[in-house]
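Once you have looked at the hints, place chain B on chain A.
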Amino acid sequence: MSAQAPAAPAWRPSDLWRTFAGLIVVLGTAAMLLAGLDSVPSWVAGEPRDLRRVKDVEEAERRLKVRLFLPGYFPETIEWPPHSVRVMQGRTGGAALAFDGRTGGHYMLLVQAARTTEVPSRLLPPATVLDESPVWLRGQRVTLRRIVGPDGNVWRELAWTEKERGLVLRSRGTVDEMLKMARTAREEP
Amino acid sequence: MPGRWADLAEQSIVHALVAALVVEALLRVWRIESPRDRLILRLMALLQPLLVTPVLVFLPWRSEDEFHDSWTLFSGRHWEELRLLGVSLFDLFVLAMASIGLLLFLLDLWPLLRGRRRARGAPELPTAAQEAEVAELARGLGLHPAPPLRLLPLDAPALFCAGIRRPTILVSHGALALLDGAERRAALAHELAHLAGRDPLVSWLLMGVRALLFFNPVAQVLARAMARESERRADDSGSSVSGDRLALASALLRLHRASGGGPRPPLPFGASLEEPLRRARSRDVELRCRRLLDGPAPARSPVAGLRVALVALAVPILLVFVT
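Protein chains in written order, with my numbering: chain A, 21 to 209; chain B, 2 to 324.
Looking at chain B on its own, in the form it has when it is part of the complex:
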């Protein structure tokens, strides 16, 4: 039985890699620009190691030698024949991938745990004008009733949504002082769009999936890519209500610069990782701003449902022959 669990971990990594590469290739071949479509297809890739691999690993005929030697497109067992210093190359690959997976998971888990322990001070009630602005934007996004707005007594710029059962928009005094009227409106619409898409719940579910697949670096990267797509989707939905993509781009830049690339608790792995991560965050903000400046939100594909169904069918079939 322990052999089966090792098989499960190995195949989870290989299946996620194959599924992610196929989905990324399809995103390019099908020229999918809509963040919603991209998000759903990446979810399809993430579901493979979570749901498909456990089923496939425990199919008895897939573990037989004849299936490995005659029917598979790729079998890790064949790579086990290649050895480096007495250790199979495939085992080394799996070990390296699992270490990277764990590192990527901890990189995001650590700031989350540290951030939750930091005291933010008791939230304050907004003014009537601020509440009315949020209510108007929420109506535009189909949110009934409008989620409450709370002000954080902080000088640091912070603007985010939180909560699953009682979702709330939280804005710091620092953010209100930093943004002009149009930028504030655009940023609030962006956060409301997250709530309209139930993104706080989705992000917790994604974190749960990442915890289950903590050893799988591809799943960690896919989950991060999905988080980025949900930001783009909120950019599009929010700016369609606020009516000003330029203001949202400007707000993003201002908040990013004021936070110095994103305030995060120090990592336990040393400062050497801080700079690359800061650069990655800056690059992401830059790309989002370019998207906002480049023109209107891309339309969903008219055959998006068909494409999702095809991926949901074709990728597991391909993975049957990857052991």
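With the rest of the complex left out, here is chain A:
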């Protein structure tokens, strides 16, 4: 005779119900808690969960699997490398490169879509448009705007399309400087 713990009674439908419902509740709760915990760093940084700050332009290109457009003409008034590189993943994603001026302060923002003509709006800080005018860029009619940025300063914004990819350049520099940069923008080799 072997005296072990009492044998299991026959199962009832309620056992099955409790088993599956309990598993779904626990796994669902765990998944929600994990996702919540994962969103904390983005929340602390004040950015959406799918928007990541990366180390440099190379990492942005690696993540997006595209070459980024960079201006061939780069005025000496702007610091290189960019002080921040942010990336939004996905088909409608893109990258935002923010540059400081050599005398300090934010000077330029270059935002570009990775695969579409639509620049991801979440990569562009909100701004109020003061006025806009058409300008010609390599035979393309594009829009030049004067805007008030989130810092309260007046910036210029130039939006155009290059190889079926949307680009927006915001700068505190001159219009000539912006157009020259836009004209020389090419995919980094």
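Read the hints as simulated data drawn from the structure, not as lab findings.
Any given hint could turn out to be false.
What the hints assert, rightly or not - Label pairs and their calculated CB-CB ranges: (1) A:Gly66 to B:Ala300: 49 to 59 angstroms; (2) A:Gly124 to B:Leu93: 38 to 48 angstroms; (3) A:Gly110 to B:Ile165: 32 to 42 angstroms.
To be verified - Taking beta-carbon pairs under 10 angstroms as the criterion, some of the chain B residues facing chain A (in silico): (4) Leu27; (5) Arg32; (6) Asp70; (7) Trp80; (8) Leu90; (9) Leu93; (10) Arg301; (11) Ser302.
For each residue, glycine too, the CB sits at the ideal point set by N, CA and C.
What follows is chain B alone, placed relative to chain A:
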């Protein structure tokens, strides 16, 4: 390649934490009382960092940025963006957890190594009546042949089983003098139940797993919890043969009090840890006694096998999305 090994250590800790929390929640939601069922489900949690994590870490598509950013529920890489004094918070968390893991492992390894070196004296043969009592209890537990009983010439109370190939029950003179007939019978049945469940082998295997995962505090805690469950299982099986749960509770209390909360070699970390550990051991004995006094052993769940299968399937799937 060193990056992969660091990933393995990090994910081992995170996976063990997630698996343990899921299993502990399921134990409560499913109201599982049977020590055997609890033991198996906790084993499922312990196996995740041991078997599942190494497989997942070396899947190439799981380490890609797109998977981390678009598919994961939780990615430690995202927490690396938060920094404190130039060090990522996630790295600090992993370092703290690894230190706790190592401490917990050493806390149990040190007494084990010291205890094995202590001389116990040559064991003595039992009387015929004592051998007959063990044989009768062993038959009740399905142990054929009955394991040998040996007496230790010690005044300190000691009663335990040891040995994997030739399992033996060892009882000190001090324990025999301390316990009355019913208590001795209940305590012997408890130790025989350990042998019937191959617990000496299991405990060595668990120690091996703990050594492999020495940096993982969750694995250390899970292994300790499993050891406690195997004590409860032996309480239930043993008392079903001896027929007296009250006597086993009484024996436990007597042995615990007489040993002053458990004689252990001094720890290398100072006396400050002794008191909390002593209290933890006392609390564990108290809980075991309450269980024994509260009524008969809980029955196994009729859907225990299904639950184990579901956990074995669902937890690794969840962990695929935790990087």
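Of all the hints given earlier, name the ones this structure violates by number, lowest first. Of the numbered hints, 2, 3, 9 do not hold.
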